[in-house]
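*Asks:* So you can see what is in the structure, the chains are spelled out below.
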Amino acid sequence: MHALLLNGATRDGGYLDSVERHLEAALTGAGWETDRVVLRRSKMAACRGCFGCWIATPGICVIDDDAREVARLMVKSDLLVGLTPVVFGGYSADFKKALDRSIGNILPFFIRQAGEVVHARRYPYEWRLAGIGLQERADPDEADLFRRLVARNARNFQCSRAGATVLVETDPWGKAAAELTRLLEEMGVGV
Amino acid sequence: MSRPRSALLLVGSPRGARSTSASLGGYLLERLAGQGVTASARFVEDLPSAATQDHGLPAAARAADLLIASFPLYVDALPAPVTRAMEAIAAGRLQDRATGGRRDFVAMVNCGFPEAQQAEVALAICRRFAAAAGFCWLGGLAMGLGGTLGGRPLGQGDGRFGHVEEGLDLAAAALARGEAVPERAVRLLARPIVPPARFVAMGNRYWSAKAAARGIQDRLRDRPYQR
Ligand SMILES: Cc1cc2nc3c(=O)[nH]c(=O)nc-3n(C[C@H](O)[C@H](O)[C@H](O)COP(=O)(O)O)c2cc1C
Numbered sequence: 001m002h003a004l005l006l007n008g009a010t011r012d013g014g015y016l017d018s019v020e021r022h023l024e025a026a027l028t029g030a031g032w033e034t035d036r037v038v039l040r041r042s043k044m045a046a047c048r049g050c051f052g053c054w055i056a057t058p059g060i061c062v063i064d065d066d067a068r069e070v071a072r073l074m075v076k077s078d079l080l081v082g083l084t085p086v087v088f089g090g091y092s093a094d095f096k097k098a099l100d101r102s103i104g105n106i107l108p109f110f111i112r113q114a115g116e117v118v119h120a121r122r123y124p125y126e127w128r129l130a131g132i133g134l135q136e137r138a139d140p141d142e143a144d145l146f147r148r149l150v151a152r153n154a155r156n157f158q159c160s161r162a163g164a165t166v167l168v169e170t171d172p173w174g175k176a177a178a179e180l181t182r183l184l185e186e187m188g189v190g191v
Numbered sequence: 001m002s003r004p005r006s007a008l009l010l011v012g013s014p015r016g017a018r019s020t021s022a023s024l025g026g027y028l029l030e031r032l033a034g035q036g037v038t039a040s041a042r043f044v045e046d047l048p049s050a051a052t053q054d055h056g057l058p059a060a061a062r063a064a065d066l067l068i069a070s071f072p073l074y075v076d077a078l079p080a081p082v083t084r085a086m087e088a089i090a091a092g093r094l095q096d097r098a099t100g101g102r103r104d105f106v107a108m109v110n111c112g113f114p115e116a117q118q119a120e121v122a123l124a125i126c127r128r129f130a131a132a133a134g135f136c137w138l139g140g141l142a143m144g145l146g147g148t149l150g151g152r153p154l155g156q157g158d159g160r161f162g163h164v165e166e167g168l169d170l171a172a173a174a175l176a177r178g179e180a181v182p183e184r185a186v187r188l189l190a191r192p193i194v195p196p197a198r199f200v201a202m203g204n205r206y207w208s209a210k211a212a213a214r215g216i217q218d219r220l221r222d223r224p225y226q227r
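Order-wise, the sequence lines are chains X and P.
Taking the working numbering, the leading residue of the first sequence gets 1, the next gets one more, and so forth.
Taking the working numbering, the leading residue of the second sequence gets 1, the next gets one more, and so forth.
Hints in this document: simulated from the structure, not taken from any laboratory.
Mixed in with the good hints, there may be bad ones.
[Stated by the list, open to error] Quick list of simulated restraints, FRET-style, between CB atoms:
#	chain 1	residue 1	chain 2	residue 2	range
1	P	R42	X	R155	46 to 54 Å
2	X	R182	P	G178	40 to 48 Å
3	P	A91	X	G13	20 to 28 Å
4	P	P48	X	A56	23 to 31 Å
5	P	A41	X	A56	26 to 34 Å
6	X	T181	P	S40	46 to 54 Å
7	X	A177	P	R93	28 to 36 Å
Built from N, CA and C at the ideal position, the CB exists for glycine as well.
Let the hints inform the model, and build the full structure from the sequences given.
*Replies:* Put into structure tokens, the structure is as follows:
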């Protein structure tokens with residue numbers, strides 16, 4: 001099994017980098033292979049909204065930069081773990097950029113599912129999504145919005161499992177570690 | 001209620017002036033201008049965070065009495081550069097706290113899917129931005145099937161968009177008075193232009209035709225990153 005850790009933290013050496021190291025060790029310990037991408041060090045332009053990844057070069061973004069490799073790693077992975085500061089209840093711009101640039105991994109075609117229109121899958125693989133948000137201060141409403149966003153993404157990307165957690169920088173590490181273990185278990189990683 | 005004297009539209013689509021975001025925002029801006037509000041528009045660019053801070057956009061956004069963000073829904077939320085711009089605008093709050101005065105914010109999202117409620121999380125994010133940046137939240141409008149408008153201007157007599165224009169007229173009238181967008185405007189914008197069931201077949205034909213025009217219809221389902 002394979003996991004991709006996508007780190008959308010804005011600065012080096014912060015809390016989310018510790019979370020990333022912790023998760024990598026936990027996943028490796030459970031027999032998973034991992035890839036890691038630190039998005040603030042990637043060369044990645046924002047999506048141009050051209051849909052070239054659907055109708056010009058299907059499955060590949062027309063912009064040749066690091067987003068192509070991130071999209072490839074997403075397809076290779078059974079589990080995508082996103083790490084991001086919670087920004088107004090959503091993702092950091094760096095993390096969001098990687099997601100925006102990955103829509104070539106789904107098909108342009110529409111299907112109806114549970115009363116809503118979504119895109120059909122390009123790849124037949126099962127795919128799980130875990131969102132990990134970080135707040136400077138505890139804000140339950142904001143954390144709730146973050147979880148709703150992850151659930152929305154999971155629905156539109158047709159993930160077979162999805163979960164989210166919001167950590168608070170001032171929380172003791174033991175609390176965060178327990179929460180990460182719970183999330184990995186929810187994702188089917190035996191830790 | 002304080003009436004805004006100036007309004008700034010931020011167009012958050014990378015398609016710029018050819019976007020549906022610009023069509024919707026531009027129409028609202030015209031209506032505001034018609035009610036005596038000094039109106040201007042800027043496009044959100046893809047800039048690194050330091051450059052976003054130095055760029056004139058955050059200061060301009062904070063200088064307007066009414067800030068309008070119009071953007072496409074990207075992966076259930078705001079396009080990345082819009083988040084970046086909002087962070088820069090919110091960061092400016094500390095610098096100009098002394099100047100005080102009320103600032104209003106309204107958000108407009110258009111999405112590709114027929115259901116405008118798919119933009120609900122994005123609007124909730126906008127509302128939190130408003131609170132964090134010291135703006136008074138005057139509400140959010142969401143429109144489904146933004147692609148049907150396809151960046152063409154509103155107000156050209158196309159009956160399919162009559163309810164969108166009516167909703168924006170109502171919103172502009174309220175905003176010009178310093179009031180929140182009325183519920184009826186929200187409902188009008190959210191009204192499906194094509195029923196979802198019909199849209200699926202229509203949309204799928206659209207993508208096939210687009211690919212056929214490029215001679216790649218048999219490559220649409222390619223799996224370049226197949227494991
Ligand atoms: C990267 C990307 C992600 C998108 N994600 C969504 C989405 O999650 N939900 C949706 O309804 N439409 C989505 N769309 C469709 C756009 O919201 C839609 O095409 C919109 O009308 C574009 O507006 P614009 O002309 O203002 O750019 C996405 C488009 C792109 C390019």
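*Asks:* Hints first: check each against the structure and report whether it holds.
*Replies:* Hints, one by one, checked against the model:
1. Checked against the hint of 46 to 54 Å, the C-beta distance between R42 of chain P and R155 of chain X comes to roughly 33 Å, which is inconsistent with it.
2. Distance hint for R182 of chain X and G178 of chain P: a CB-CB separation of about 47 Å, consistent with the stated range 40 to 48 Å.
3. For the pair A91 of chain P and G13 of chain X, the supplied restraint of 20 to 28 Å holds, since their beta-carbon distance comes to about 21 Å.
4. The supplied range of 23 to 31 Å is met by P48 of chain P and A56 of chain X, whose beta-carbon atoms lie about 27 Å from each other.
5. A hinted range of 26 to 34 Å for the beta carbons of A41 of chain P and A56 of chain X is consistent with their spacing of about 29 Å.
6. Checked against the hint of 46 to 54 Å, the C-beta distance between T181 of chain X and S40 of chain P comes to roughly 52 Å, which is consistent with it.
7. Under the hint 28 to 36 Å, the C-beta atoms of A177 of chain X and R93 of chain P, about 34 Å apart, fit the expected range.
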